Amino acid sequence: DTAVSQTPKYLVTQMGNDKSIKCEQNLGHDTMYWYKQDSKKFLKIMFSYNNKELIINETVPNRFSPKSPDKAHLNLHINSLELGDSAVYFCASSRAQAIRETQYFGPGTRLLVL
Amino acid sequence: DQQVKQNSPSLSVQEGRISILNCDYTNSMFDYFLWYKKYPAEGPTFLISISSIKDKNEDGRFTVFLNKSAKHLSLHIVPSQPGDSAVYFCAASAVPGNNRLAFGKGNQVVVIP
Chain R
-15 DTAVSQTPKY
-5 LVTQMGNDKS
5 IKCEQNLGHD
15 TMYWYKQDSK
25 KFLKIMFSYN
35 NKELIINETV
45 PNRFSPKSPD
55 KAHLNLHINS
65 LELGDSAVYF
75 CASSRAQAIR
85 ETQYFGPGTR
95 LLVL
Chain P
583 DQQVKQNSPS
593 LSVQEGRISI
603 LNCDYTNSMF
613 DYFLWYKKYP
623 AEGPTFLISI
633 SSIKDKNEDG
643 RFTVFLNKSA
653 KHLSLHIVPS
663 QPGDSAVYFC
673 AASAVPGNNR
683 LAFGKGNQVV
693 VIP
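These protein sequences, in sequence, are chains R and P. If you read the first sequence in the working numbering, its first letter stands for residue -15, the second for the next number, and so on. If you read the second sequence in the working numbering, its first letter stands for residue 583, the second for the next number, and so on.
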């Protein structure tokens, strides 16, 4: 009964490959997010969707493409992986997109690009 | 451009004593502040928050203090327990902002039994 789940938990791949990370939430929330935690441990927002509509799109290479097939899912597809993409990617969700809505995080996907 | 800063990356404290974590921010548009706690191999978990209209919020052993004029907040944990050993992230959001959170780098807290 995990609230926010991500698959896979670990992902090791070669440079140049294309990979996807999946996120699902069973909280009935309208808003979902992707964050990246880099090697310096900073957590930075990448994207946010509200009711399947993109509402936050930070300065992220267009090799990264989020897709929200429905409110409960937000997947992240990464094309032509680069060494610098190695990081931990966290999915999160909140009841709504308004400030003060608590964000609930998934366990993270540890991506290593070789 | 780091808008939320957490210095003193690690803190060791004896069980039962107070843990104090500090956070500074630069964006005067920040209106809401949060602390998240993170265990290894898990995602951050919401701990406590404070709105800019308050200067203190308390929840059990956790208290957050906000000094808007100094753009500074702190988290007090008292008494500290071994289960509090984790990384603590300070975060902030602005209005408008679509609930976009800006995070600090995190502070590692180790509570010694």
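Derived from the structure by calculation, the hints contain no laboratory data. Everything numeric in this text was worked out from a predicted model, so none of it was measured. Among the clues, some could well be false.
Simulated crosslink set (DSSO-like; lysine-lysine; CA at most 27 angstroms straight-line) [said to hold, decoys possible]: (1) P:Lys636 with R:Lys20; (2) R:Lys20 with P:Lys687; (3) R:Lys24 with R:Lys55; (4) P:Lys587 with R:Lys6; (5) R:Lys20 with P:Lys653; (6) R:Lys28 with P:Lys587; (7) P:Lys687 with R:Lys28; (8) R:Lys51 with R:Lys28; (9) R:Lys24 with P:Lys638; (10) R:Lys25 with P:Lys587; (11) R:Lys3 with P:Lys587; (12) P:Lys636 with R:Lys24; (13) R:Lys(-7) with P:Lys650; (14) P:Lys653 with R:Lys24; (15) P:Lys687 with R:Lys25.
Holds or violated: lysine 3 (chain R) and lysine 587 (chain P), Cα atoms, limit 27 angstroms. Since the Cα atoms of lysine 3 (chain R) and lysine 587 (chain P) sit roughly 33 angstroms apart, the hinted pair is violated (cutoff 27 angstroms).
Lysine 636 (chain P) paired with lysine 24 (chain R) [C-alpha distance capped at 27 angstroms]: Judged against 27 angstroms, a Cα distance of about 32 angstroms means the pair is violated.
Straight-line Cα separation of lysine 24 (chain R) and lysine 638 (chain P) no greater than 27 angstroms? Violated: lysine 24 (chain R) and lysine 638 (chain P) sit about 30 angstroms apart, past 27 angstroms.
Given hint lysine 28 (chain R) paired with lysine 687 (chain P) - CA-CA distance at most 27 angstroms: holds, 10 angstroms
For the pair supplied as a hint, lysine 20 (chain R) and lysine 653 (chain P), confirm whether the alpha-carbon distance does not exceed 27 angstroms. holds, 25 angstroms
Given the hinted pair lysine 636 (chain P) and lysine 20 (chain R), is their Cα-Cα distance within 27 angstroms? Violated, at about 30 angstroms.
Given the proposed pairing of lysine 51 (chain R) with lysine 28 (chain R), does the C-alpha separation stay at or below 27 angstroms? Satisfied, since the Cα-Cα distance of roughly 19 angstroms is no more than 27 angstroms.
Hinted pair, alpha-carbon criterion (27 angstroms max): lysine 28 (chain R), lysine 587 (chain P). Please report holds or violated. The hint holds at about 13 angstroms.
Between the alpha carbons of lysine 20 (chain R) and lysine 687 (chain P), is the straight-line distance 27 angstroms or under? Holds: lysine 20 (chain R) and lysine 687 (chain P) sit about 12 angstroms apart, inside 27 angstroms.
Verify the proposed pairing of lysine -7 (chain R) with lysine 650 (chain P), using a straight-line Cα cut of 27 angstroms. violated, 39 angstroms
Next pair to validate is lysine 24 (chain R) with lysine 55 (chain R); report whether the Cα-Cα distance is within 27 angstroms. Roughly 31 angstroms separates the two Cα atoms, so the pair is violated.
Verify the proposed pairing of lysine 687 (chain P) with lysine 25 (chain R), using a straight-line Cα cut of 27 angstroms. holds, 6 angstroms
In summary, the numbered hints that this structure violates are 1, 3, 4, 9, 11, 12 and 13.
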